[in-house]
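J.: Residue numbers (the working numbering), protein chains in the order written: chain A, 57 to 320; chain B, 20 to 293.
Hints are not guaranteed to be accurate.
Claimed, not checked - Calculated lysine-lysine pairs in the DSS-like style (CA-CA distance at most 25 angstroms, straight line):
no., chain 1, residue 1, chain 2, residue 2
1, B, Lys-184, B, Lys-171
2, B, Lys-127, B, Lys-282
3, B, Lys-282, B, Lys-265
4, A, Lys-202, B, Lys-134
5, B, Lys-151, B, Lys-134
6, B, Lys-140, A, Lys-202
To be verified - Label-pair restraints from in silico Cβ distances:
no., chain 1, residue 1, chain 2, residue 2, range
7, A, Leu-305, B, Ser-191, 38 to 44 angstroms
8, A, Gly-155, B, Arg-154, 45 to 51 angstroms
9, A, Ile-156, B, Gly-56, 36 to 42 angstroms
10, A, Lys-202, B, Ser-158, 37 to 43 angstroms
11, B, Ala-43, A, Lys-202, 55 to 61 angstroms
12, A, Ile-156, B, Lys-171, 54 to 60 angstroms
13, B, Ile-223, A, Ile-71, 34 to 40 angstroms
14, A, Leu-224, B, Phe-233, 36 to 42 angstroms
Everything labelled a hint here was simulated from the structure, so no lab data went into it.
All residues carry an ideal CB built from backbone N, CA and C; glycine is no exception.
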Amino acid sequence: MTTLTALCTFVAVGILVVILSYIAMRGIGALNLRFLVDTPRPVGEGGGIGNAIVGSGLLLLLSCAVGIPVGLACGIYLSEFGGGWFASAVRFLIDTLTGIPSIVTGVFVYAVIVLRMKHFSAFSGGIALALIMIPIVARTTEEMIKLVPHSLREGALALGAPQWRVTLGVVLPAAASGIATGAMLAIARVSGETAPLLFTAFGSRFFPRNLNEPIASLTVQIYNYAISPYDEWHTQAWAATLVLMALILSINIAVRFLTRNRFS
Amino acid sequence: MPISTSFAAPKFEVKSRTSLVSTATKVAVENLNFFYGRTQALNGITVEIPEHMVVAFIGPSGCGKTTFLRTLNRMNDVIPGTRVEGTVTIDGQNIYTPGADVVDLRRKVGMVFQKSNPFPKSIFDNVAYGLKINRMTSSRSELEGRVEEALKDAALWSEVKERLKSSALGLSGGQQQRLCIARALAVRPEVILMDEPASALDPIATSKIEELIFDLKKQYTIVIVTHNMQQAARVSDLTAFFLLGKLVEVNTTEKLFTAPDEKLTEDYVTGRFG
Chain A
57 MTTLTALCTF VAVGILVVIL SYIAMRGIGA LNLRFLVDTP RPVGEGGGIG NAIVGSGLLL
117 LLSCAVGIPV GLACGIYLSE FGGGWFASAV RFLIDTLTGI PSIVTGVFVY AVIVLRMKHF
177 SAFSGGIALA LIMIPIVART TEEMIKLVPH SLREGALALG APQWRVTLGV VLPAAASGIA
237 TGAMLAIARV SGETAPLLFT AFGSRFFPRN LNEPIASLTV QIYNYAISPY DEWHTQAWAA
297 TLVLMALILS INIAVRFLTR NRFS
Chain B
20 MPISTSFAAP KFEVKSRTSL VSTATKVAVE NLNFFYGRTQ ALNGITVEIP EHMVVAFIGP
80 SGCGKTTFLR TLNRMNDVIP GTRVEGTVTI DGQNIYTPGA DVVDLRRKVG MVFQKSNPFP
140 KSIFDNVAYG LKINRMTSSR SELEGRVEEA LKDAALWSEV KERLKSSALG LSGGQQQRLC
200 IARALAVRPE VILMDEPASA LDPIATSKIE ELIFDLKKQY TIVIVTHNMQ QAARVSDLTA
260 FFLLGKLVEV NTTEKLFTAP DEKLTEDYVT GRFG
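For reference, chain A alone in the conformation it holds in the complex (with noise of 0.2 angstroms):
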């Protein structure tokens, strides 16, 4: 039992050190100084995804300025409130919305804000993002704060504290790394997002001057030059993801670093 397991362990971690090291090792040749900063050029030119990497950092901070309030609130609400049948029946719309592909969230933001505004835009694809991420911040602030114990509301309660008081003074902050966590993950989830972006986002080959137009992001670059014919934009994709990699990685870690619980 314990080799079958151990092996299991194994072949998992091995997986992903594989991806890990394979990518590294196709992307470090076109990496450099100059490929961070630099906007695209055509075939043989060189150039780099700066502005995918600007691009694709103000896409997350949009999702995550309309993705975690709401989704925090509404977490909040199923967990401390929500006893009845119509809570029951939002925890079952938010586990059906967590399974939406994301494909058809991206169609639905392009029919309801992209043809309405008549085009692409940044805002679009935060929103886009944002519909994804509203769902798994919501399940895991609820779950997160079913674990604080019921008697550290009753300890708050008893020395004459409000409802909202209790809440937000003490349960939130018992939560406040489960919750981070939450969050992080929908971040790490959306962040690696391609299919919304394409008719939201759409993509483009400059710096972002304002959140009203198209906005270049990784993702949608990387596809791009993943399809292209050419061996120089093959390489670049490799180096963007290997750049998309360590982006999520040290939004993990700077999280856990941020939110580490200083008294539990």
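Given the coordinates of chain A, assemble chain B onto it according to the supplied hints.
T.: Showing chain B alone in chain A's frame:
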């Protein structure tokens, strides 16, 4: 012994409660019934709790003593599907009248729980919590003073004064429970409810809590639930015996343990059942 038969026709009457002691009544409970859904957990409880006394509730598990304790600061309100009948009067005010302020009530009637439940915050912030949410201090120095005072009253100050900023969860079990007492004392309640405050503690920590209870009764009225009869005998002035949701007898502690009025009480305190 056929307890249930003797219980089928309950005829206990708590005799001459007011004559037990001479101090003024702090809490008066009149004909209190309590229901969890359709299950009746308390049945016609009538008792008076005098000021600056320690009153112990004893009885076997499930007899309703904790439920009763929690009706005194309306902590049962947070449990869905519960219902209260009868009156609980504190300083002449019925706490169950519609529109009664629960926040005010809980500030006046503090509570210490069976399992210590410090917040995952610093030691200082734990004690300061009630003061902050009730805006009871106007300056940082006043807040610090009140925290220090509460920690001293709970006999914890000398052990934690060097590390007020560190996590409350790093304290030992006994210290955590005294921290919870300090947290309750900080808002200067008038009544303190203690739900088996020492049941999870070792004998040394328990004796510290018991000494503390003895000191605290000068300033506070204390109601303590315990299923440890020795503890009730050591710390309390009055003892009330609960059985199957009814109050069988309330008497001075000395009398209840040596010459109780009720046969059921005698059977319980002499260890014939429970």
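J.: It remains to establish, for every hint, whether it holds in the given structure.
T.: The hints, checked one at a time:
Of the supplied pair hints, the one linking Lys-184(B) and Lys-171(B) holds, its CA atoms being roughly 17 angstroms apart against a limit of 25 angstroms. In summary, the hint linking Lys-127(B) to Lys-282(B) is not supported, as the alpha carbons are separated by about 36 angstroms, beyond the 25 angstroms threshold. Of the pairs offered as hints, the one joining Lys-282(B) and Lys-265(B) holds, with about 15 angstroms between alpha carbons and a cut-off of 25 angstroms not exceeded. A C-alpha spacing of about 19 angstroms is found between Lys-202(A) and Lys-134(B), which places the hinted pair at or below 25 angstroms, so the restraint holds.
Between Lys-151(B) and Lys-134(B) the alpha-carbon distance is near 24 angstroms, which keeps this suggested pair within the 25 angstroms criterion. A hinted pair counts as satisfied when its Cα atoms are at most 25 angstroms apart, and Lys-140(B) with Lys-202(A) qualifies at roughly 19 angstroms. Separation of Leu-305(A) from Ser-191(B) is about 39 angstroms and conforms to the stated range, judged on CB atoms against 38 to 44 angstroms. Between Gly-155(A) and Arg-154(B) the CB atoms are about 47 angstroms apart, so this pair conforms to the stated range of 45 to 51 angstroms.
Distance hint for Ile-156(A) and Gly-56(B): a CB-CB separation of about 39 angstroms, consistent with the stated range 36 to 42 angstroms. Between Lys-202(A) and Ser-158(B) the CB atoms are about 38 angstroms apart, so this pair conforms to the stated range of 37 to 43 angstroms. One distance hint, 55 to 61 angstroms for the beta-carbon pair Ala-43(B) and Lys-202(A), is violated here, with the actual separation near 45 angstroms. Range check, Ile-156(A) to Lys-171(B): about 59 angstroms between beta-carbon atoms, so the 54 to 60 angstroms window is met.
Roughly 55 angstroms separates the CB atoms of Ile-223(B) and Ile-71(A), a value that falls outside the hinted 34 to 40 angstroms. The supplied range of 36 to 42 angstroms is met by Leu-224(A) and Phe-233(B), whose beta-carbon atoms lie about 38 angstroms from each other.
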